[in-house]
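Q: Residue numbers (the working numbering), protein chains in the order written: chain A, 1 to 110; chain B, 1 to 470; chain C, 1 to 450.
These are calculated hints, taken from the structure and not from any lab test.
Here the structure is a predicted model, which is why all the values come from computation and not from measurement.
Check the hints yourself; a few may be wrong.
[Claimed, not checked] Below, simulated DSS-like cross-link-like pairs (lysine-lysine); rule was C-alpha separation at most 25 Å, straight line: (1) B:Lys299 - C:Lys370; (2) B:Lys143 - B:Lys54; (3) C:Lys370 - B:Lys32; (4) B:Lys32 - B:Lys176; (5) B:Lys195 - B:Lys58; (6) B:Lys257 - B:Lys164.
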Amino acid sequence: MSEWVTVGAAADIPPGHAALVDVDGTQVAVFNVNGEFFAVDDTCSHAEASLSEGELDPEGCTIECPMHGSCFDLRTGEAISLPAYDPVRVHRIEIVAGVLRVAIDETAVP
Amino acid sequence: MTMAVTVEAHELTKDYKFGFHDIDVSVFRTEKGLSPEVVAAISAHKNEPEWMLKFRLKALSHFRKRAMPSWGADLSGIDFDNIYYYVKPTEEQSRSWDDVPDSIRQTFDKLGIPEAERKFLAGVSAQYDSEVVYHSIREDLDKLGVVFGDCDTGLRDHPEIFRKYFGTVIPANDNKFAALNSAVWSGGSFVYVPKGVRVDIPLQAYFRINSDNMGQFERTLIIAEEGSYVHYIEGCTAPTYSSDSLHSAVVEIIAHKDAHVRYTTIQNWSNNVYNLVTKRAVAYEGARVEWIDGNLGSKVTMKYPAIYLMGEHAHGEVLSAAFAGEGQHQDAGSKCIHVASNTTSNVVSRSISKGGGRTSYRGHIKVHEKATGVRSSVRCDALLLDEESQSDTYPYMDIDSPDVSIGHEATVSKIGDEQIFYLMSRGLSESDATALIVNGFFEPFVKELPMEYAVELNRLLAVQMEGSVG
Amino acid sequence: MATQLQTPGAIGPEAVTTRAANAPAWLAERRRAAWEAYTALPMPDRTRDEDWRRTDIRGLEPDEYVVDPGPTGHGAGLVEAMREMRDRIAPDAAFVASTRNGVRALEGAEALRAQGVTVCSLEDAAVHDEAAVRRALAHVPVDGSKFTALWNALWRGGCFVHVPTGVEAAVPVVAAHSAAGDHAAILPATVVVLEAGASLTLVELEASPAAQGTMLSDAVSILHLGEGSRLDHCLLQRWSASTWHLATHRGVLERDSRLRFFAATFGSRLQKVYWDALLEGQGADATLTGVCFGGGDQHLDHQSLQAHRAPATRSDLLLKVAVRDRAQSVYGGLITVDRAAQRTDGYVQNRNLMLSRGARASGIPMLEIKANDVRCSHGVTAGHIDTEQRFYLQSRGVDPEAADRLIVRGFMQDALDRSPHAGFAEFVGGVLDEVVAGHSAAGVEAEGPS
Chain A
1 MSEWVTVGAA ADIPPGHAAL VDVDGTQVAV FNVNGEFFAV DDTCSHAEAS
51 LSEGELDPEG CTIECPMHGS CFDLRTGEAI SLPAYDPVRV HRIEIVAGVL
101 RVAIDETAVP
Chain B
1 MTMAVTVEAH ELTKDYKFGF HDIDVSVFRT EKGLSPEVVA AISAHKNEPE
51 WMLKFRLKAL SHFRKRAMPS WGADLSGIDF DNIYYYVKPT EEQSRSWDDV
101 PDSIRQTFDK LGIPEAERKF LAGVSAQYDS EVVYHSIRED LDKLGVVFGD
151 CDTGLRDHPE IFRKYFGTVI PANDNKFAAL NSAVWSGGSF VYVPKGVRVD
201 IPLQAYFRIN SDNMGQFERT LIIAEEGSYV HYIEGCTAPT YSSDSLHSAV
251 VEIIAHKDAH VRYTTIQNWS NNVYNLVTKR AVAYEGARVE WIDGNLGSKV
301 TMKYPAIYLM GEHAHGEVLS AAFAGEGQHQ DAGSKCIHVA SNTTSNVVSR
351 SISKGGGRTS YRGHIKVHEK ATGVRSSVRC DALLLDEESQ SDTYPYMDID
401 SPDVSIGHEA TVSKIGDEQI FYLMSRGLSE SDATALIVNG FFEPFVKELP
451 MEYAVELNRL LAVQMEGSVG
Chain C
1 MATQLQTPGA IGPEAVTTRA ANAPAWLAER RRAAWEAYTA LPMPDRTRDE
51 DWRRTDIRGL EPDEYVVDPG PTGHGAGLVE AMREMRDRIA PDAAFVASTR
101 NGVRALEGAE ALRAQGVTVC SLEDAAVHDE AAVRRALAHV PVDGSKFTAL
151 WNALWRGGCF VHVPTGVEAA VPVVAAHSAA GDHAAILPAT VVVLEAGASL
201 TLVELEASPA AQGTMLSDAV SILHLGEGSR LDHCLLQRWS ASTWHLATHR
251 GVLERDSRLR FFAATFGSRL QKVYWDALLE GQGADATLTG VCFGGGDQHL
301 DHQSLQAHRA PATRSDLLLK VAVRDRAQSV YGGLITVDRA AQRTDGYVQN
351 RNLMLSRGAR ASGIPMLEIK ANDVRCSHGV TAGHIDTEQR FYLQSRGVDP
401 EAADRLIVRG FMQDALDRSP HAGFAEFVGG VLDEVVAGHS AAGVEAEGPS
């Protein structure tokens with residue numbers, strides 16, 4: 001398992017917003033869904049697109065890729081609609097004293 | 001244990017009784033052009049639930065943000081601001097019979113199209129109804145739990161099923177024209193076949209025809225549950241006049257485990273139409289999806305029926321026939337995405353260009369890196385009938401797994417002199433010989449059509465070929 | 001990055017100035033215009049440029065590479081290694097060897113000179129045979145693409161062969177290009193002009209020692225075939241596994257001329273090569289053949305163009321690719337037939353064999369046909385090595401390594417048989433066997449430090 005890496009202040013990402021962070025060379029998209037934080041691989045599993053630039057649906061807890069509209073479940077990383085079919089990796093994220101930390105899950109199936 | 005239930009086929013005759021109803025256009029009309037207000041008005045007019053309104057509005061914003069595709073046919077002639085996106089004013093809808101081009105009228109004669117049908121197809125009359133036939137078939141379908149209606153009704157009467165699948169195969173932002181359709185869709189078909197049910201009679205969009213269903217922005221959703229079978233047919237061989245210059249349809253098909261769905265299209269839009277379609281199917285374990293795709297008309301068609309083979313042993317077929325005459329560009333093809341192991345796909349494309357027409361095959365075969373035992377074959381053949389015509393082939397392949405067997409072959413040629421001489425030596429005229437060869441060339445496609453379509457198509461090809469030999 | 005002091009001798013405006021100073025005015029101006037074009041053009045981009053979609057060139061910073069190293073200790077060694085290859089492939093051939101410091105050897109050309117054939121460096125030819133060089137260079141415009149612009153600005157040394165009317169060259173010419181050293185950049189240049197009725201066999205060798213840091217090769221070959229002439233062109237690419245290799249090999253065929261091109265690709269870390277056969281004259285005929293083997297993390301990209309611009313022209317391309325480990329092969333082939341090019345025959349075949357999971361192959365053969373009295377076809381297949389074949393051979397006592405070698409040889413044999421030079425085919429077959437057996441793809445034995 002990877003080390004915890006600090007990526008920024010939780011307050012910098014208000015609810016409904018996203019940020020793109022680099023965690024030891026891996027591009028990770030961080031989302032605030034009604035106060036709860038999620039972290040997934042930023043690159044869509046279908047094409048070279050950045051999920052942090054997509055549309056967040058707080059109700060369904062999904063992110064929609066801006067390139068072809070595939071939706072991913074932020075809890076499981078699963079692709080809910082085509083044209084993507086491979087999931088994106090979900091990484092562990094926690095807040096410690098207002099600071100966000102992410103640990104890359106290498107073992108997650110990309 | 002479920003048993004497959006079959007519907008007895010009714011014999012179709014051409015002796016329908018036609019009825020002409022009044023269309024209720026007085027209630028609503030929109031201006032030309034596209035805006036959130038127009039979209040909201042469409043949704044309100046249809047009394048849609050809020051999620052659909054939100055879906056449409058999001059789709060509109062995607063449509064506006066996306067650039068036009070940088071590849072494919074020339075779409076510079078589309079004037080988005082000059083289109084009615086929902087209901088057209090009645091004055092525009094009917095033409096005088098005298099305005100119908102001679103070529104179309106002559107084709108109707110030669111095909112023996114009944115008079116009322118002709119008027120509808122030529123845009124002279126506003127509606128063509130085969131309610132009687134449709135209703136008798138409906139009763140049988142109802143008994144089996146098969147739903148066959150339009151999408152508006154599907155959304156209203158079967159909201160859970162509809163919402164579960166709608167937009168999951170083709171999301172609103174998939175491409176510019178899917179986004180447009182997602183914003184302003186209307187009409188099209190909703191088909192649901194329950195587990196184990198076989199629908200032996202082909203379901204034809206033609207049964208429910210009215211101007212809505214021959215509409216610009218049809219949306220079709222077909223769900224085939226486990227072990228079911230259905231054959232859906234849209235379009236017709238006779239030339240169809242449309243005053244709408246832009247058609248952008250979306251078709252989504254979900255074939256569950258061991259289901260079999262065949263979707264046949266024959267399109268013969270008048271040559272003022274830009275026909276830009278997104279069609280995609282998902283095939284689960286053991287399922288089989290067949291796209292039988294005939295492109296005869298329109299000024300420009302861009303259409304690449306796709307099958308995502310998501311479950312083991314799923315099979316996809318695309319059988320495509322295209323004819324491009326003067327001023328036409330048929331840019332068609334297929335996409336087979338092998339995600340699961342032991343899946344197979346077979347693509348056969350036959351195209352003919354004459355009189356300066358252009359046909360392009362554009363296809364994509366992709367094999368997921370973890371998929372093993374995949375077999376795929378693509379075979380494209382193009383005939384150029386004269387010096388002005390053009391043909392292109394762009395087959396893309398991304399094979400990320402080594403455990404596969406993939407083949408692609410394409411040929412482009414003219415009709416061989418030897419073939420013509422042989423047939424002429426048997427007493428045929430040169431134009432009959434050419435027509436015979438053309439029929440033979442399209443035979444793999446024609447033989448998959450229900451008989452009355454096949455007969456009509458052969459007659460149509462004969463008509464198209466007349467005068468092709470100078 | 002940009003604020004670093006420029007490394008002496010690196011790709012940059014100074015290198016252009018040095019070359020322009022030693023060139024005739026017309027060439028100096030051309031080099032300067034090419035450099036302008038190079039700096040103005042953006043690097044190819046996966047999202048913007050369709051033909052770069054499957055090849056990722058991020059990570060290449062050309063201005064870090066050294067084109068003018070000054071005296072190095074290894075030049076003689078490289079030339080010797082190239083000479084040995086010439087001895088094995090075509091011992092009777094004339095030999096022109098270039099390194100970064102220009103042409104370092106020019107041997108065995110007496111018989112050709114006696115026939116009136118010019119064999120010299122491209123630099124010399126620019127002075128002594130200006131008309132022919134200008135005609136040839138016109139086929140690769142200074143602003144055609146990022147890397148042909150760079151080539152036009154900075155090529156050095158190079159091999160020039162001009163065969164006069166009706167002369168059938170008595171011996172082949174071997175044009176060898178080699179370099180070594182970390183962050184070395186070499187721009188191989190080969191220009192062949194055949195007048196009417198002439199004929200020549202040309203063998204091009206590109207090679208470097210294994211594991212000598214990273215290298216950049218930006219090569220262009222220009223082949224002008226006059227009416228009724230015949231050229232057999234063999235090409236062997238054996239750059240080290242850490243080389244970026246970009247190349248354009250362009251043949252312009254006048255009426256009734258015939259080109260037989262055979263290329264063997266083993267080396268480089270990432271390769272993007274363009275083979276262009278422009279059939280401008282009626283009756284022109286081009287046969288293009290490639291064998292390619294990739295392993296490790298290699299990314300080997302071939303792009304071909306068969307442009308039929310005149311009637312009764314014929315082209316036939318066969319590319320065979322075998323990949324294993326995590327290697328990737330990309331092939332894009334286009335046949336175009338102009339309206340006037342009736343009675344064209346055009347064929348493309350790409351066959352891909354994958355020997356391991358993780359290896360990938362994609363082949364995109366395209367047709368754009370505007371004439372109707374033609375016969376054009378293409379075919380691409382991709383498959384894995386037949387496990388049954390492997391088991392069969394192993395059950396006959398053949399060890400797995402040898403089994404793969406036999407199977408790959410069997411797969412490549414019909415392509416090898418198309419080589420227009422027997423000695424070259426034999427040599428390539430040997431290299432193929434070695435590389436399949438796990439030997440380095442690099443063409444020069446590694447020596448001491450550069």
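Q: So, for every hint listed, does it hold in this structure?
A: Results for each hint:
At roughly 19 Å between alpha-carbon atoms, B:Lys299 and C:Lys370 fall within 25 Å of each other, so this suggested pair holds. Among the hinted pairs, B:Lys143 with B:Lys54 is inconsistent with the structure: their alpha-carbon atoms are about 35 Å apart, more than 25 Å. The hinted pair formed by C:Lys370 and B:Lys32 fails the criterion: a straight-line CA distance of about 39 Å is larger than 25 Å. A hinted pair counts as satisfied when its Cα atoms are at most 25 Å apart, and B:Lys32 with B:Lys176 qualifies at roughly 19 Å.
With a C-alpha separation of about 34 Å, the suggested pair B:Lys195 and B:Lys58 falls outside the 25 Å cut-off, and the hint is violated. Distance check on the hinted pair: B:Lys257 and B:Lys164 sit about 17 Å apart at the alpha-carbon level, within 25 Å; holds.
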